[in-house]
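**Student:** One-letter residues, chain by chain:
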Amino acid sequence: MPTTRKAFAKDGALATAIQGFAPREAQIQMAEAVEQAIAKKGQLVVEAGTGTGKTFAYLVPSLLSGKKVILSTGTKNLQEQLYHRDLPLVKKALAMGGKTQLLKGRANYLCIHRLAQHGGNSTLVDKTVLHELTLVREWASSTKTGDMGELRSLPEDARVLPFVTSTVDNCLGKDCPNYEDCYLVKARRNAMDADLVVVNHHLFFADMALKDTGFGELIPEADVIVFDEAHQIPEIASEYFGEALSSRQLQDLATDMDLVYRTSLKDAQQLSKVAEKLKMIAMDLRLLFPETPQRGNWREQLLRDEVDAQVQKLKETLELVYEVLKLHLGRDKDLDNLYERAAEARSKLNKLTDKDKLGISLWYETTPRHIVLHLTPLSIAGRFAEMIAEPRRSWIFTSATLLVGDGFEHFTRRLGLNDAATLALDSPFDYPSQAILCVPRYLPEPSAFTMKATLADIAVKLINASKGRCFLLFTSHAMMNDIAAMLPERITNPILVQGTTSKRALLEAYMDDGDAVLLGTGAFWEGVDVRGEHLVCVLIDKLPFASPDDPLLQARIEDCRKRGGNPFAQIQIPQAVITLKQGAGRLIRDASDKGVLVICDNRLVTRDYGKTFISSLPDMRRTRTLDEALAFLEHISQESSEP
Amino acid sequence: MAEVIFYLLDEEQNDAQPAPLALACRLAAQAYRSKQACLVLCEDKQQAEAVDELLWQLPVDAFVPHNLTGEGPPKGTPVEIAWQGSSRSNKPVLINLASQLPEGHQRFKRIFDFVPADDQQKQQARERYKQYRGAGHQLDTRPANSIEEN
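For the protein sequence lines, the chains are A and B, in the order given.
FYI, in the working numbering the residues of the first sequence are 1 to 643.
FYI, in the working numbering the residues of the second sequence are 644 to 793.
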C-alpha cells in the first residue's frame with residue numbers, strides 16, 4: 001500500500017491518474033500531518049490557504065488508513081462536490097475499493113409514510129402544492145435513494161417538501177409501518193457499513209448531541225473524523241448543544257393531531273379541539289411582539305406581565321394536549337408519536353422559561369408569523385472536549401479561515417481543544433501581484449448616513465472599470481437593498497440581488513451573463529467558487545462585526561467580561577476577522593486569477609485592530625488610491641478581451 | 644518651547660521614495676510605538692496622500708493606524724496626516740514636511756523637520772531653521788541614519 005508521501009510524489013498515484021496534478025509542498029505537509037494524526041489518534045487543526053489543495057490532503061491519508069472515516073463539511077452542495085467529484089477521483093487514483101456513502105439530513109429524504117398520509121384524504125388544497133405532490137408521487141415510484149435532490153424539476157424550496165419528508169418530531173421511527181422501506185433508514189444503514197461517510201456539520205452535531213434518534217450509532221463507530229469548513233463548528237455545535245422550541249413546531253403538532261382525528265381516530269373530536277386551542281395560544285404569543293422580525297433577550301421578555309401570562313397559558317394548554325393524547329395512547333402509531341412530541345415540547349418549554357439558570361443565553365427570534373425560543377450554552381468547550389476525549393480517535397479540523405493574526409486560540413479555546421496540534425499553510429498564490437486591496441480615502445465613518453451615496457459612487461466606478469464581473473458583499477440587507485435600488489439608473493450591467501431567487505439560480509445567471517454584478521449578504525460571503533475572469537472585483541461595505549444587538553452575542557460578551565476577559569478582542573474581533581477572510585476569499589480562487597478587493601471601512605486604516613485584520617488577510621498589494629485599483633481593473637479587462 | 648530636531652538627508656531617495664516622506668513615516672511609526680500622538684504636516688494634499696499611502700503599505704508588523712484630515716473617527720487616531728490649510732487636531736508631536744514654518748508651532752512639545760538633499764529644499768529648510776530659532780525653540784540637528792529602521 002502506498003504511503004501518503006508516495007501518493008503525492010511527482011510520479012506517484014495522484015500525478016499518474018489525475019491530469020494536471022502537480023505535487024505541492026504545502027499540500028504534502030498537510031497530508032502527512034493528517035496521516036500522523038490518524039496514526040496517533042490525535043487532534044489536528046489546520047488552516048490551509050486557498051489553493052493548497054486541502055481536500056486531497058485529507059482524502060488521501062483518510063482512504064489509505066483503511067479506517068472508518070466520517071468527513072463532515074459545511075453544506076449540502078459541498079457534500080455533493082466532495083462525494084461526486086473529489087472522492088471518486090482520489091479513490092480511482094489510489095485504486096482503493098472501499099465503500100463510501102453520502103448521507104444528508106433527514107429533510108432531504110422522501111418519507112413514504114408522510115407521502116401516503118397525503119393520499120386520498122389529503123387536507124392539502126393549494127394548487128401549486130398539489131401539482132408538486134403529483135411530481136413527487138411519480139418520482140417516488142422509481143427512485144432508489146429517495147434523495148429529494150434527484151427530483152430536479154422541484155424547486156429547492158418547494159412548499160410540498162415538508163409534507164413528503166419527515167422531521168424528528170413526526171417520524172415514527174421503528175413503529176412506522178414503512179420502516180423497512182424507509183429511505184432514510186436505508187441511507188443510514190449503508191452509512192454504517194461504509195468505510196467513509198460524507199455528512200454535513202448540522203447532521204453530525206444533531207447526531208452527536210443525540211438530537212435525532214436512530215442515527216446515534218454512526219459516530220461511535222468512526223475512527224477518524226474530519227471537519228472541512230471547520231471555522232463553522234463552534235457556532236453550529238453551540239446550537240445543537242442548546243434547545244429550541246418554535247410556535248411553528250407547536251402549530252405542526254396541532255395540525256398533525258387534527259390529521260389523526262380526521263384520518264383515523266374519528267371518534268376523538270377532543271383531539272381537534274385542544275389542537276385548535278394550542279394553535280391559537282401559540283399564535284397569540286407571537287402577537288405580543290412587533291410585526292417586523294427581530295431577535296432579543298428572552299429572559300427580559302419573561303419579565304413582561306403579558307408575556308409571562310401568555311407563557312403560563314401556553315404551559316397549561318400543552319398540559320391539556322398532553323393529557324388528551326395520553327387518553328388515546330396505544331390506539332394509533334401516529335398518535336403515540338404525538339404524545340411523545342407533546343411531552344418533549346412540555347419539557348422544553350419548562351427549560352426555556354427557567355429564568356434562573358446560569359451559563360446559558362435565553363433568546364428569541366420572530367419571523368413574520370412565528371416565534372422561536374432558544375436556549376444556547378455560552379461555552380461548549382467543556383462538553384466538546386469531553387466528547388472528543390473518549391474514546392480516543394482522530395479529529396481533524398481544517399478550513400481556509402481559522403487563523404486570527406497568527407493564532408488559533410480563539411478557535412481551539414472555544415472547542416476546548418487544548419492538546420490539538422496546529423498547522424498553518426500559506427496559499428501558493430502570488431497575492432502581491434495577483435490582487436490589490438484598496439481602502440478608499442475620505443470615506444465617511446461606517447455608520448454615517450452619507451455612506452450609502454459614497455458606496456454607490458465607488459460601486460459604479462468599479463463596475464465600469466471591471467465591466468461587471470463584481471460581487472458587492474454587504475453586512476446588512478438594508479444597505480444591500482438601498483444600493484440595489486440606486487444602481488439601475490447608473491449602470492447598464494445586469495444586476496443580481498440576493499433574495500430575488502435561489503443562490504444557485506443567481507450564480508448560474510451570474511456566470512451566464514458574463515458582465516453581471518451580484519449583490520449579496522451572508523450566504524455569498526462563503527462557499528462561492530467563481531474562478532477566472534468571471535469575478536475580478538469584490539467590494540465589501542463594512543467590517544463584518546456581528547450586530548451588537550444580537551442577544552446571544554450580548555450574553556457571551558457579558559460572560560467574558562465577568563471572567564475578566566476582553567470581549568472585543570476575544571470574541572468580536574476574531575469573529576469579524578474570520579468572516580472578512582471568507583468574504584475576501586471569494587476573489588482569488590486560482591493561480592491565474594487577478595482582481596481587486598475594495599473594503600469601504602476606514603477602520604482598517606484608522607484603528608489599532610486594523611493590524612489584526614490586515615495580518616489575517618492574504619498578502620495583497622495595498623493601496624488607498626481608488627484610481628490605482630480602477631487602473632488595475634481596466635488592465636485586467638483589456639487582458640481578458642485580447643484573444 | 645519645543646524641542647526641534649532637524650534630520651540632515653544626504654540622499655534624495657530612500658527605499659525608492661522621496662527621502663523626507665520615507666523618514667517621516669519612520670518617525671510616525673516610532674511615535675506611535677512610544678504612544679505619542681503625532682501630526683504629519685505636508686506641503687499639500689497630494690503629498691499628504693503619498694504619506695498616507697506609504698504608511699498603509701508598511702509591512703503589517705509595523706502597522707500604524709492613521710488618518711488624513713477629513714476622515715477617521717471623531718476622537719482622531721494616533722497619527723494624523725494634514726496639509727497646509729487643512730484643519731488639524733492637537734497633538735504633542737509634529738513631523739513637518741511643509742516648506743513653510745507651520746502655523747501654531749508654539750504649541751508642540753517636539754517638532755521633527757528635515758534638511759533635504761535637494762538644493763532648493765535645503766535652502767527652504769535653512770530658512771525654517773532660522774525662524775524656529777527666532778521663535779525661541781531649542782534646536783538640534785542629527786544625521787538621517789540616526790532614525791531607527793522600522
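Any given hint might turn out to be false.
[As the list claims (entries may be wrong)] Computed list of lysine to aspartate or glutamate pairs in DMTMM-like fashion (alpha-carbon distance at most 20 Å, straight line):
| # | chain 1 | residue 1 | chain 2 | residue 2 |
| --- | --- | --- | --- | --- |
| 1 | B | LYS688 | A | GLU628 |
| 2 | B | LYS678 | A | ASP550 |
| 3 | B | LYS718 | A | ASP608 |
| 4 | A | LYS326 | A | GLU316 |
| 5 | A | LYS99 | A | GLU221 |
| 6 | A | LYS562 | A | ASP550 |
| 7 | B | LYS718 | A | GLU445 |
[Said to hold, decoys possible] Among the chain A residues that face chain B by a calculated CB cut under 7 Å, a handful are:
| # | residue |
| --- | --- |
| 8 | SER592 |
| 9 | THR612 |
| 10 | LEU617 |
| 11 | ARG624 |
Everything labelled a hint here was simulated from the structure, so no lab data went into it.
In this text the structure is predicted, and so the values were computed from the model without any measurement.
Ideal placement from N, C-alpha and C gives every residue a C-beta, glycine not left out.
**Student:** Next, verify each hint and record whether it holds.
**Tutor:** A quick look at each hint next to the structure:
no., hint, verdict
1, B:LYS688 - A:GLU628, "holds (17 Å)"
2, B:LYS678 - A:ASP550, "violated (34 Å)"
3, B:LYS718 - A:ASP608, "holds (13 Å)"
4, A:LYS326 - A:GLU316, "holds (15 Å)"
5, A:LYS99 - A:GLU221, "holds (15 Å)"
6, A:LYS562 - A:ASP550, "holds (18 Å)"
7, B:LYS718 - A:GLU445, "holds (12 Å)"
8, SER592, "violated (25 Å)"
9, THR612, "violated (9 Å)"
10, LEU617, "violated (9 Å)"
11, ARG624, "holds (5 Å)"
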